[in-house]
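For reference, the chains in residue letters:
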Amino acid sequence: MNAVINYFSEIIGGFKTLLQGMGITGKHFFRAHKEIITQQYPDNRDTLTFEDRYRAQVYMEHDENNEHRCDACQTCEIACPNGSIEIIFDRVVDPETGKKKKVLDKHIYHLGMCTLCNLCVLACPTEAIKMSHEFETAVYDRSELTKALNKPGSKLKES
Amino acid sequence: MYDFSKMTGAIHDWLSSIMPDLGVIITEWVIIGLIFLAFFALLGLVLVYAERRIAGFFQFRLGPNRVGPFGMFQTVADTVKLLLKELVGTDRADKFLYNLAPFFLIIAALMAMAAIPYGLGLTAYNVNIGLFFMMAISSIGVIGILLAGWASNNKYSMIGALRSGAVIISYELSLGLSSVLAMILLAGTLNMNEIVMSQQAGWWLFRGHIPAIIAFIVFIITGTAETNRVPFDLTEAESELGAGFHAEYSGIKFAFFFLAEFVNMFIISAIAVTVFLGGWLPIHIPYWEGFNNIMDYIPGPIWFMIKTSGVIFLLMWFRWTFPRLRIDQILTLEWKYLLPISLINLILMAFIVMMGWVF
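Line by line, the protein sequences are chains W and H.
With the numbering used here applied, the first sequence corresponds to residues 830 to 988, in that order.
With the numbering used here applied, the second sequence corresponds to residues 24 to 382, in that order.
Honestly, the hints are just simulated from the structure, not real lab data.
In this text, all values refer to a predicted model and were calculated from it rather than measured experimentally.
Treat the hints loosely; a few may be bogus.
[To be verified] Pairwise CB distance ranges (calculated): (1) W/935 with H/273: 45 to 55 Å; (2) H/346 with W/894: 53 to 63 Å; (3) H/57 with W/871: 35 to 45 Å; (4) W/951 with H/111: 43 to 53 Å.
Heads up, the beta-carbon is just placed ideally off N, CA and C, and yes, glycines get one too.
Please construct the entire structure, taking both the sequences and the accompanying hints into account.
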């Protein structure tokens with residue numbers, strides 16, 4: 830007797846869940862004209878919106894005085910699995926303490942090798958580099974994919 | 024209601040006045056064949072477009088919307104592309120069967136379309152065993168699938184084709200033997216036009232009450248399985264078999280398979296409409312005489328198309344809601360659930376018809 834009850838309750842339960850699923854998709858269908866999430870890209874290039882977690886090429890933040898936060902610690906260079914970051918730095922003697930200290934010369938970023946994995950950004954102790962939303966990266970020559978992230982003449986922000 | 028047999032009769036009389044009998048028959052065959060081929064191609068284009076567009080809306084996407092107004096000519100462009108594509112075949116395939124397989128599907132679908140009543144007097148092949156004929160013809164298509172899988176010389180195609188065979192053999196039982204048979208008990212005839220005419224007092228779905236509703240549900244489930252659509256599409260199961268039985272087909276041969284799938288969906292919907300939803304009869308609501316009179320002015324073929332597209336929309340809704348079943352789950356569903364239920368339903372229906380408890 831129990832088996833019979835189970836048999837029919839299984840059928841009814843199955844139908845209930847199927848109808849539930851159809852209800853959800855049906856609601857989606859009839860609300861679709863309001864909630865289309867497709868971005869018709871070349872047409873809406875000016876009004877394109879991104880999710881916050883969208884990841885495109887790495888950039889270095891500069892404030893209005895042309896100062897960045899990178900202290901050339903090379904953590905990102907070590908963290909990068911593809912070797913797409915190279916840090917070129919000078920050793921400058923600090924006039925106050927007399928100790929030698931790294932100063933960033935060029936933060937070289939090879940976009941051609943980068944997989945946008947976000948590991949360098951996670952590793953950075955000073956939050957100097959971030960993932961931007963700049964995704965239109967096509968260029969005519971491969972050498973243009975190698976760029977210096979710090980702007981010319983920029984220096985370390987005093988904290 | 025307009026009787027289309029007047030129109031076809033006039034054409035027949037005019038043809039007989041200008042040529043001998045044999046010429047009349049051959050001309051009529053050619054005309055009907057051309058009309059059905061054109062309808063077939065048009066149906067494929069419209070259904071593929073509708074499917075893609077509706078799929079888009081179910082997922083908050085747009086679907087094709089670039090070619091022509093609302094993207095309506097997208098499928099036309101796709102057809103041209105498929106026609107121009109190179110036909111790549113497998114080495115050491117069984118060439119004859121390999122090339123034969125798509126035509127099995129296409130011809131089975133085309134033949135089944137001939138027996139559908141599109142309107143009063145608008146049936147190409149009005150035969151007294153119409154429903155039986157459609158059941159028989161529409162399951163010939165599976166031979167095409169089996170041939171395609173076997174002749175491709177590809178193990179994944181073979182697995183897909185054999186799965187399709189297993190599904191069709193089991194679901195044919197519930198589809199024909201039980202759910203359609205139950206409705207034939209009500210209608211008392213196998214002729215498609217007479218089944219429609221017997222529903223003038225009301226659709227069988229409502230007049231046959233509980234057993235008819237169960238039969239309708241079983242019919243829709245088995246019909247989806249017959250056409251190899253999601254959630255029963257383990258014939259092509261992209262994630263495990265590539266594309267299943269048509270993995271080795273390209274260009275226009277692939278288009279044939281694709282077209283046949285959509286036309287089969289139309290045929291299953293047309294059978295459902297004819298048997299359960301009153302075919303080309305207009306919607307009548309009891310005691311609303313004015314409304315009923317207005318509805319009578321809308322011609323039958325339009326009613327038929329409206330109802331059929333409703334059922335097709337239901338099938339598309341299934342496709343974009345339910346996940347695919349495993350082969351053992353599919354066979355369990357048929358042999359342990361659908362078949363016993365529909366057999367008991369058949370007995371129940373026979374009892375109800377015998378007692379005259381039909382509205």
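Hints versus structure:
1. Separation of residue 935 of chain W from residue 273 of chain H is about 52 Å and conforms to the stated range, judged on CB atoms against 45 to 55 Å.
2. The hinted range of 53 to 63 Å is satisfied by residue 346 of chain H and residue 894 of chain W, whose Cβ atoms lie roughly 57 Å apart.
3. With their beta carbons about 43 Å apart, residue 57 of chain H and residue 871 of chain W fall inside the hinted range of 35 to 45 Å.
4. At about 46 Å, the beta-carbon gap between residue 951 of chain W and residue 111 of chain H stays in the expected band of 43 to 53 Å.
Comparing the model with each numbered hint stated earlier shows that all of them hold.
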